[in-house]
Amino acid sequence: MNGILQSVLAPHGPQAGQIATLAWALFAFGSLVLGLVIAAIWLAMRGAPRIREVLARERTIILLGLALPVAALTILLACGAWLTRAQTGHADEALRIEVTGQQWWWRVVYDGPAPIVSSNEIRIPVGQPVDFTLKAADVIHSFWVPSLGGKIDMIPGRTTRLRLTAERAGVYRGQCAEYCGGPHALMSFKLIAMPRHEYDAWLERLAGPQSAPSTDNEQRGQLLFLAAGCGTCHAVRGTDAAGKIGPDLTHFASRGSVGIDTLPLTAENLDRFIRDGQHIKPGNRMPEFRIFSSAEQTALVSYLMSLQ
Amino acid sequence: MRIDPPVRIRFILLAALAALFLGSLFVWSGVYSVAASRGHFAVTEWLLTFGMRNSVKTHALGIDAPPLDNSDLVTLGAAHFQSGCAYCHGAPGIPISPIAQAMLPPPPDLATNMPPWRDRELFWIIKHGIKYTAMPAWPVQQRDDEVWALVAFLRRLPSLDAAQYRDLALGGLRVPPQSGESLATSETTARAIGACARCHGAGGARPASSLVPVLHGQRAEFIVASLEAFTSAQRASGIMQPVARALTGDDFRRVADYYAALQAPHAPEEPTDTSAIERGRDLAEQGDPDARIPACAGCHGEDALKTYPRLAGQNLPYMLNRLRLWKRGLAPGTATETIMAPIARELSERQIEDVAAYYASGGPSAGASR
Amino acid sequence: MNEPVPALLAGHPNKLPRPKGELEALQAAWELPKSWRIVTSVNNTVVGYFYVAAAVLFFLLAGILALLMRLQLAVPSNTFLSPETYNQIFTMHGTVMMFLFAVPVVEAMGILLLPQMLGARDLPFPRLGAFAFWAYFVGGIIFFGTLFYDLAPSGGWFMYPPLTGAQYSPGLGADFWLLGIGFIEISAIAGAIELIVGVLRTRAPGMTLDRMPIFAWTMLVFAGMIVFAFPAVILATLLLELERAFGWPFFVPQKGGDALLWQHLFWFFGHPEVYIIFLPAAGMVSMIVPTMSRTPLVGYRLIVVALIATGFFSFGLWVHHMFATGIPALSLNLFSAASMAVALPSGIQVFAWIATIAAGRLQLTTASLFVLGFLFVFTLGGLTGVMVAMVPFDWQAHDTYFVVAHFHYVLVGGMLFPMFGAFYYWAPAFSRRVLSERFGKAAFSLMFIGFNVAFFPMHITGLMGMPRRVYTYPAVAEWSVLNMISTIGAFLFASGVLVFLFDLVRNLRPTVSDPIGDVWKGASLEWLHNHIYGPRSIPLVTSRDPLWDQPGLSEESKEGRHYLPGTVTGQRETIITSPIEAMPQALQRLPGDGWPPLLAAVFTAGFFMLLTVKYVTLAFVSGVLALAMILIWMWGSDQRPLPHAEIGHGIKVPTYVGGPLSHSWWAMVVLMLVAGSLYLSLVFSYLFLWTVSPQVWPKPEQMPPSLWPFVSAVLLTASSGLIVLAGRALPVRSRNRIAFVAAIGLAVLSLCGSLGVEVLSHWRAGFRPDVDAHGALVYMASFLQLQFVLTLVVMAGFAIARCLAGMLSRRRRVVFGNLALLWHYTVAQGLFGLLLVHGFPRVA
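Residue numbers (the numbering used here), protein chains in the order written: chain A, 1 to 308; chain B, 1 to 370; chain C, 1 to 844.
Check before you lean on any hint, since a few could be wrong.
Restricting the straight-line Cα-Cα distance to at most 30 angstroms, the calculated cross-link-like pairs of lysine-lysine (DSS-like) are [claimed, not checked]:
(1) B/327 - A/244
(2) A/244 - A/190
(3) C/20 - C/34
(4) B/306 - B/327
(5) C/558 - C/521
(6) B/131 - B/57
(7) C/614 - B/57
(8) A/135 - A/190
(9) B/57 - A/244
(10) C/614 - B/327
(11) C/652 - C/20
(12) C/15 - C/558
Chain C stretches covered by chain A per the calculated footprint, using a threshold of three residues with CB under 8 angstroms from any CB of chain A [claimed, not checked]:
(13) 83 to 89
(14) 151 to 160
(15) 322 to 334
(16) 340 to 350
(17) 357 to 371
(18) 374 to 381
(19) 472 to 485
If you're looking for bench data, these hints aren't it; they were derived computationally from the structure.
We treat Cβ as the ideally placed atom computed from N, Cα and C, and that holds for glycine.
So here's chain A without its partners, still in its complex pose (with noise of 0.2 angstroms):
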């Protein structure tokens, strides 16, 4: 799927391995009884008279609308009970993020002796159960990663949780299944699964401290990046950029995207998200910044595609 992963059908996981073995299930289910209504109509419109004398029987119906269907489903129902209970069940080991859903993007916070806060973007390592913690910060959202799981809503005032593992390294694509008005539809994040070692490694380096700009452009952009009030809505940890409201860039150039999965992550889609994110994704909550000479916008995108 062009590199990405999102199909309930090529599950890479546990949770949403037994999910597909039952949707295959309920396939082959599904065709036998339809191929059983389409004969019977065929046999009720052009079979034997002897047939079509018994398919007449009020006893025919209750033994084909009643009796059999009663049985399938209660063999149906008894699967899905056992799974939901496989589903939902909880073991101590596992690993905790936590995720809040916002119009339109997520914050992630991954839990620790100091958690870390890091957003748009979820680093899970393989093999290990994953447990999320679901917030919602303003309306409903829903969190679904396909080819891991099922999907668990993000209610404000509530909070939901999903357990997921990752089978295989690679990036799945996650994506909002609510409808959370505006541009709920570019509402799409990466999880990356990686071997643990890695994943150590690049959580280690996440819970680091943000290097300082090296070069004279990148030191320009920082004072660009607080003087414009960037930092009033997202945070670079060891600057005075503290805000909450949009999503935390420390580390930032390390992630994939920018605008929120919406666009990969080179300097000239930065650039194009700054002075005219409302056309690259209409509705969303940060204003066009138009404010800065090219010199300025230069100065500023190289500072934060130094945010490594």
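Using the hints, position chains B and C against chain A.
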């Protein structure tokens, strides 16, 4: 005496066609004179006036007038009347220009003969203008607040004598008597500053109307950017756009430097609601992250970009008006408005009042002294 | 079972010839208004035409919206529609299809078909039917018009708060949805009351419940479900509108509200809604299949049981729309089971139709083709329904295109195809020409193929991970291909609808006097020789398939040899029969045509819409005018008692009845059921929010002192007592009215007093509606009570006026009877409310 219906219908149709043809012929021939010097027939005159009056009355029906007995509104309206209206409509002590008098219909002399319109009707006329007369529409259709200022002034106008009018419209400014030579040979250079000071004050004087922003001590970059935005009609104001257009690019910089160098004038002592100011301070310094409102200080503080305005000591009614305009949906036109408008839209009415009170009371500087 | 009731058979059929002038008098009584004044007609056939036409219009409009969406989604990252426009369009598509097409068109078919099918001259409340139609039509047009002014709602047809709250949906769009749809639902309830009383009380003599056509059964269940389901969403819209307008925090978690409350209320309506739409369509299939197979329906009783079971089960599975909200596993499994159980009655029906086909020989007419298409599509939709009823599967499929595919299979398959089949099947009963079989089959083929091409791929799109309600999607190869196929299918489907429209224009010639009639050789009474007044004489029914089992019935009825072959009183009339056995009980005089229902509807719509755009004064002027129109219309009902009337065969029935014998008593009882459901929804909301946020509930010592509710309760009870006394004091003749007027007056005072005391007690206790959820609910209870009190005040004034005008007496007492019924109900509701609001926090 029964007429066969089809015959009657055919007759009417033919008559209509004939009338249409003759009418076209008349227009095409150019026999009719469009001269303004000729005037209308009395009956035409009556019909046009009658139609105009009723049109205004009907269209103004759904408009609710705000309270107009407000000296800020009157003063602002007066200043604009002087530059935008007096040429045609006259003013106490200022006769109508003979050129304007030769229009058809001639504009009414509002100083002496104010027609008996209701507030809402005046508003409608000023906002939309009147077809087939020289009465123009308000240059910016989104700024009803400015139109109301003019209506407020027109309500005061009949009671003014020439001196009172001068005080109101010129903000107490005195134009020094000029020598015959300078009158004869040069343009007056004091004009630009004089035009600004009428509303915005100058030197140690605050703006005459508190609906007008204090420019003293603003960054020159901000003032220039604003003037450019008015000139290019990006920023919506029927009052400022014509004023800014009258200046040249060089004037912008000079005016801006002049105001930037001025000391902020002393704010008038007004009863203050300290709890509102404290709430405003919180909002200005911390924002309201739950409501997605960033801290004001991030962009309006001392360290911020020079193209952003400083708010400390700004006029309270001006800030309230501006924030409410955005909240009600005024479309942002400039680059900085594009940033501010969505934030203002998220503010509650209470927050608007609080934060405006905070900055009007002096903002961070006042907090330090308290 | 085919034994006729002996009492009815005596002297049957009538001797010929009928007296001279009888037919002319009947025709004169039922004469239609001329030319454009036809809009004042209240006759069920005329209103039915309007109703069906309007519903089809909204179907086409919402269909165009669907095509716009499919164009936008044809290719990835399309910019054909802006996100805001797309969001408005998908909201309107869902809302219009559900509220302005699906429910109304079914109700319309009921109003059009039922009287003829039941052998009635008209429905029992013709003006109510006309009011329901006009209210729906005017409200619907205004609502749809919001799209052109950028005022359309964009929160989805499900309108979940907090997205639709004042903070995240400023502007009027959501208000239009809430007030507009709330209003249209009231019209649907009016229609439902009409249909219930119509089915139960105006059947032809001898048509026992067991002989009633299945379509009438489905309409009965349909209307019954509306009565219980719609109040929940009406309450929900009220709550949300109050939150938006005045900040009563029902859905705000910080103040003790909960977003899930909306979902519970909405889906408690929303799920039965699906069956509300499906059952009547299934009823149509149960009529078409036997006719086209030339054999009686197999498993009639099984089907009736299945219908009732569906209606019952459908109220128990609303939570399956909320499987992904993180509710506990136990309730998940419970509702999963209920969701599967509801598939069973449908299974019975499907195999009953197959059995009927097997018992006869199915003619492959257009109507039959639509039925076969329905069987295939609906079965598939039902199977995917079973899939999404499996909780873990639903966690993946929920809110994806899989669900879009699923419910379009259920709704288009389960409702639209039968409806088109019904158009082809019943057109001869109402048109001078039949619709073209050639065009019909072309339309069916295009629609069937187009539908499957459009919607089958969506199952896959959804499982490939594409969520629904997205205005665009990234260029993922599989998604792009599947979406393009769906768009092509949608236009194929639309072309089928176009062919159908073309057929309508060419061949449909609606008439009220000389339809081409029984071309299919059907068995039910709508195939008699029908006019605007139904059959010339109302036949005695002795079988389920009267036209097959009672030879000569059609001719006998036409010659006036059955009941009521003319008009007894010179007015429009119909026979009121007993609800189960259908024994003639009374002759009901029906009102004639007139402006009040139309104007009342226009002004009621005006009231709601003007209120939405905040023209409060004009809104109230409009509201008062609407009330005036309703009062004018009511003044003409409850006509003077006349002597007993002979309706034929020597059977004499009263022309004036009160109490349970009267049709208005039945309507009032149904209305009380509606009111009861509304109040129970509020009780549910109260208890639900308490379980979520008990911390905002007051402690017992913070409650108002018990004296307050006690006084309120005493006043309530006293008012009920006074009404009983007023009933005793009803004047026998036109003197002695003072006692009655005084009793009613005092009753009004104490009723208003009780409400005043109740509100004051909460205010003094410091509760405020905009502070927390408890306060909001407490005042909400009084707000609901206030609506009843206001209604009763108007009705009391009306009763006093009737009494003073000498039009209310011990004999002519229906006006008072209705007042008393609603009064006692309101008192009971008030007492219950006191118990809940004052008692619960003390024990909880």
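Checked hints:
{"no.": "1", "hint": "B/327 - A/244", "in the structure": "holds (23 angstroms)"}
{"no.": "2", "hint": "A/244 - A/190", "in the structure": "holds (21 angstroms)"}
{"no.": "3", "hint": "C/20 - C/34", "in the structure": "holds (26 angstroms)"}
{"no.": "4", "hint": "B/306 - B/327", "in the structure": "holds (25 angstroms)"}
{"no.": "5", "hint": "C/558 - C/521", "in the structure": "holds (16 angstroms)"}
{"no.": "6", "hint": "B/131 - B/57", "in the structure": "holds (15 angstroms)"}
{"no.": "7", "hint": "C/614 - B/57", "in the structure": "holds (22 angstroms)"}
{"no.": "8", "hint": "A/135 - A/190", "in the structure": "holds (18 angstroms)"}
{"no.": "9", "hint": "B/57 - A/244", "in the structure": "violated (52 angstroms)"}
{"no.": "10", "hint": "C/614 - B/327", "in the structure": "holds (18 angstroms)"}
{"no.": "11", "hint": "C/652 - C/20", "in the structure": "holds (21 angstroms)"}
{"no.": "12", "hint": "C/15 - C/558", "in the structure": "holds (13 angstroms)"}
{"no.": "13", "hint": "83 to 89", "in the structure": "holds (count 3)"}
{"no.": "14", "hint": "151 to 160", "in the structure": "holds (count 4)"}
{"no.": "15", "hint": "322 to 334", "in the structure": "holds (count 6)"}
{"no.": "16", "hint": "340 to 350", "in the structure": "holds (count 8)"}
{"no.": "17", "hint": "357 to 371", "in the structure": "holds (count 4)"}
{"no.": "18", "hint": "374 to 381", "in the structure": "holds (count 4)"}
{"no.": "19", "hint": "472 to 485", "in the structure": "holds (count 7)"}
Going down the numbered hints, you'll see the structure goes against just number 9.
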